[in-house]
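**Student:** Each chain is listed here by its residues.
There are 2 protein chains.
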Amino acid sequence: MRRRIDSLRETLHKEGLEGYLVSNGANMLYLTGFEGGSRLLISADGDCILYVHRVNYDAAEDAVKDCEVRRVDYGDDLERVLARRIESLGLKSLGFDVMDAQTYMKMEKLLRETELKPRRDVMWALRKVKGEDELELLREAAEITSMGMEKALEIVEDGMVERELAAEIDYEMRKLGSEGTAFETIVASGPNSAYPHGGRGDRRLERGDLIIIDIGARYGGYCSDMTRTVTLGEASPRKIEIYEAVKEAREKALRIMRGGVKAREVDAEARRTIAEKGYGERFLHGLGHGVGLEVHEPPMLNPKSEDILTPGNVVTVEPGIYIRGFGGVRIEDTVLVLEKGVEVLTRAPYRLVVR
Amino acid sequence: MRRRIDSLRETLHKEGLEGYLVSNGANMLYLTGFEGGSRLLISADGDCILYVHRVNYDAAEDAVKDCEVRRVDYGDDLERVLARRIESLGLKSLGFDVMDAQTYMKMEKLLRETELKPRRDVMWALRKVKGEDELELLREAAEITSMGMEKALEIVEDGMVERELAAEIDYEMRKLGSEGTAFETIVASGPNSAYPHGGRGDRRLERGDLIIIDIGARYGGYCSDMTRTVTLGEASPRKIEIYEAVKEAREKALRIMRGGVKAREVDAEARRTIAEKGYGERFLHGLGHGVGLEVHEPPMLNPKSEDILTPGNVVTVEPGIYIRGFGGVRIEDTVLVLEKGVEVLTRAPYRLVVR
Chain A
48 MRRRIDSLRE TLHKEGLEGY LVSNGANMLY LTGFEGGSRL LISADGDCIL YVHRVNYDAA
108 EDAVKDCEVR RVDYGDDLER VLARRIESLG LKSLGFDVMD AQTYMKMEKL LRETELKPRR
168 DVMWALRKVK GEDELELLRE AAEITSMGME KALEIVEDGM VERELAAEID YEMRKLGSEG
228 TAFETIVASG PNSAYPHGGR GDRRLERGDL IIIDIGARYG GYCSDMTRTV TLGEASPRKI
288 EIYEAVKEAR EKALRIMRGG VKAREVDAEA RRTIAEKGYG ERFLHGLGHG VGLEVHEPPM
348 LNPKSEDILT PGNVVTVEPG IYIRGFGGVR IEDTVLVLEK GVEVLTRAPY RLVVR
Chain B
48 MRRRIDSLRE TLHKEGLEGY LVSNGANMLY LTGFEGGSRL LISADGDCIL YVHRVNYDAA
108 EDAVKDCEVR RVDYGDDLER VLARRIESLG LKSLGFDVMD AQTYMKMEKL LRETELKPRR
168 DVMWALRKVK GEDELELLRE AAEITSMGME KALEIVEDGM VERELAAEID YEMRKLGSEG
228 TAFETIVASG PNSAYPHGGR GDRRLERGDL IIIDIGARYG GYCSDMTRTV TLGEASPRKI
288 EIYEAVKEAR EKALRIMRGG VKAREVDAEA RRTIAEKGYG ERFLHGLGHG VGLEVHEPPM
348 LNPKSEDILT PGNVVTVEPG IYIRGFGGVR IEDTVLVLEK GVEVLTRAPY RLVVR
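Residue numbers (my numbering), protein chains in the order written: chain A, 48 to 402; chain B, 48 to 402.
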């Protein structure tokens with residue numbers, strides 16, 4: 048964690064910021080290794096103070112090595128406490144990641160000598176490029192997810208309720224060490240599969256349904272994200288056509304991915320492939336997003352992204368086609384960007400018909 | 048949902064607000080029945096517009112009945128779109144629930160004729176008092192949670208790893224209809240139980256451990272929250288003493304709860320009971336919190352709470368004693384506040400020694 052705080056300090060110096068205030072839980076976890084802090088204040092010149100509510104104070108004292116831990120009690124005015132510390136440290140320009148408007152207004156009033164600057168980009172720049180220690184956890188999360196998917200493809204059958212299949216997948220991943228799930232497991236069948244975030248309800252799977260299975264384990268705090276679409280029994284020519292279009296979009300996108308490539312160009316490559324098959328209007332979302340301590344984080348792969356892919360980025364690649372009333376197909380993997388090309392971290396067959 | 052929007056409008060009129068902007072997901076779900084909106088704009092006089100990103104637009108169109116649904120595409124400047132609508136509706140005073148500081152600054156600049164007012168209390172006032180439709184879902188969530196706890200108490204045994212027991216509980220609740228879990232299941236054993244949010248790791252349960260099991264199902268979007276503490280085999284006199292103190296604090300708190308009572312007085316009643324046994328400094332958190340679409344929401348039961356209990360509130364009652372290096376005890380139920388007394392929604396034995 049020392050190394051991460053040092054990297055943040057380097058950025059602060061470069062950006063002319065004398066300090067940085069962290070409120071986002073994942074950012075605090077990233078910098079201190081501790082989940083359950085209330086605020087983290089870091090000065091460019093050496094101070095690091097983690098404010099922790101009484102409920103988590105003992106745990107923080109035992110776990111946090113590189114920062115001073117301060118206790119927050121009921122009735123403490125945390126903004127006032129922070130402002131006093133910021134002033135006593137003499138921080139004239141303070142970046143922050145996120146802050147609720149109401150807190151911001153209060154801090155503005157309290158801090159007459161300090162300029163508050165919304166700079167969440169500072170943390171994203173650090174978190175976007177994963178270190179070896181993070182990659183180890185991301186690989187394990189991906190492996191658990193892949194095994195969950197294999198289980199899903201093994202047991203999926205008609206008559207099963209969406210929610211039942213989701214329960215079995217979650218249980219499998221849990222037994223393999225997943226800490227809950229990275230997001231609520233999606234099993235969207237038949238017409239439900241036409242909604243990218245649909246399903247997980249009481250619908251019974253039927254032969255001929257398109258079934259979207261979108262799952263993710265969490266391991267050591269790190270997420271994974273993976274989707275397969277299958278059908279039971281024979282697939283109609285239209286379903287095969289859609290499936291093949293999505294699969295080709297995936298392959299073409301992966302082929303051009305590497306460090307230095309613009310994220311929106313990768314999105315465009317997949318989008319063009321799907322448009323050529325006549326489904327351009329039905330690819331309803333971006334091609335992908337970063338994955339780390341949060342399941343959706345930068346870099347973003349979409350038509351308006353300003354991100355440039357960098358070795359160490361871990362992102363999803365998830366083209367999809369969704370036709371209202373008919374159904375949808377999405378194929379998604381979690382992928383590590385390398386200097387030359389990519390390493391696909393999740394694995395499971397790409398096969399429309401399962402039985 | 049019509050009824051809820053009407054209630055919000057009544058409040059707006061009373062508070063002199065001409066409109067309200069919603070960004071919190073649970074608030075949007077509460078008002079529209081739809082999960083997956085980006086922003087919701089409501090005028091006191093009749094307009095209701097849900098802004099939905101393209102990925103969820105089809106689903107929103109099919110599901111949302113009482114509001115106009117507007118599509119948001121990549122590259123759209125949502126703040127600018129909102130500002131234009133707010134101005135064309137002529138809203139001079141606009142309350143909002145939450146807003147990131149950066150969005151707030153931008154909206155402030157865009158809206159020269161409109162005063163922005165942080166008023167999350169407006170939504171909490173509505174959500175704090177549960178309607179019959181909500182109580183039905185909360186009861187079912189509580190029932191699933193209770194059955195999950197019964198399963199836990201049935202299978203817990205020494206040699207089991209914390210995480211294994213958590214997996215079995217989650218699976219049981221999932222099979223009974225839980226939508227994932229309301230929060231990451233806690234199984235904290237031995238010294239881990241001394242941290243209120245500890246555990247869920249790789250520690251093996253041993254005879255004589257205090258084992259805190261803190262679980263919650265989610266059903267129809269609504270959460271539940273419940274804790275039991277057990278030990279395997281014989282309990283030492285100190286463990287029994289701590290357990291009995293927590294149990295007595297719980298009973299005394301429940302005895303004085305009813306509509307009209309100050310939340311902090313209920314907290315004080317439990318705190319006094321624990322202090323009398325000599326553990327006042329080791330009750331490390333508030334007595335409870337509201338439970339609904341979010342697992343932590345108002346009303347709050349803690350020493351500084353300004354809330355007054357009202358019939359229809361659903362809250363946890365969860366006294367605890369935590370001794371670093373030794374272990375902890377917490378007993379928690381989800382409870383409905385009535386005009387006279389309470390109804391305890393979660394059920395499972397209160398028994399320290401399980402086998």
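Read the hints as simulated data drawn from the structure, not as lab findings.
Heads up, some of the hints might be wrong.
No copy is singled out in the list; a pair is fine if it fits within one copy or between any two copies.
Said to hold, decoys possible - Pairs of lysine to aspartate or glutamate residues, derived as EDC-like cross-links and limited to a Cα-Cα distance of at most 16 angstroms, are as follows:
| no. | residue 1 | residue 2 |
| --- | --- | --- |
| 1 | K164 | D147 |
| 2 | K351 | D123 |
| 3 | K112 | E341 |
| 4 | K153 | E108 |
| 5 | K222 | E190 |
| 6 | K222 | D249 |
| 7 | K164 | D109 |
| 8 | K156 | E316 |
| 9 | K324 | D124 |
| 10 | K351 | E155 |
| 11 | K309 | E353 |
| 12 | K299 | E231 |
| 13 | K222 | E298 |
| 14 | K324 | E231 |
| 15 | K351 | D124 |
| 16 | K139 | E162 |
| 17 | K112 | E291 |
| 18 | K351 | D120 |
| 19 | K309 | D354 |
| 20 | K324 | E179 |
| 21 | K153 | E291 |
| 22 | K164 | E62 |
**Student:** Next step is simple, just say for each hint if it's right about the structure.
**Tutor:** So, going through the hints one by one against the coordinates:
no., hint, verdict
1, K164 - D147, "both (13 angstroms within a copy, 13 angstroms between copies)"
2, K351 - D123, "between (43 angstroms within a copy, 10 angstroms between copies)"
3, K112 - E341, "neither (23 angstroms within a copy, 32 angstroms between copies)"
4, K153 - E108, "neither (29 angstroms within a copy, 39 angstroms between copies)"
5, K222 - E190, "within (13 angstroms within a copy, 24 angstroms between copies)"
6, K222 - D249, "between (24 angstroms within a copy, 12 angstroms between copies)"
7, K164 - D109, "neither (32 angstroms within a copy, 41 angstroms between copies)"
8, K156 - E316, "neither (49 angstroms within a copy, 37 angstroms between copies)"
9, K324 - D124, "neither (59 angstroms within a copy, 30 angstroms between copies)"
10, K351 - E155, "neither (32 angstroms within a copy, 25 angstroms between copies)"
11, K309 - E353, "within (7 angstroms within a copy, 52 angstroms between copies)"
12, K299 - E231, "neither (29 angstroms within a copy, 38 angstroms between copies)"
13, K222 - E298, "neither (32 angstroms within a copy, 37 angstroms between copies)"
14, K324 - E231, "neither (32 angstroms within a copy, 43 angstroms between copies)"
15, K351 - D124, "between (41 angstroms within a copy, 11 angstroms between copies)"
16, K139 - E162, "within (6 angstroms within a copy, 29 angstroms between copies)"
17, K112 - E291, "neither (52 angstroms within a copy, 36 angstroms between copies)"
18, K351 - D120, "between (44 angstroms within a copy, 10 angstroms between copies)"
19, K309 - D354, "within (6 angstroms within a copy, 52 angstroms between copies)"
20, K324 - E179, "neither (40 angstroms within a copy, 50 angstroms between copies)"
21, K153 - E291, "neither (55 angstroms within a copy, 43 angstroms between copies)"
22, K164 - E62, "within (11 angstroms within a copy, 32 angstroms between copies)"
Of the hints listed earlier, those the structure fails to meet are numbers 3, 4, 7, 8, 9, 10, 12, 13, 14, 17, 20 and 21, in rising order.
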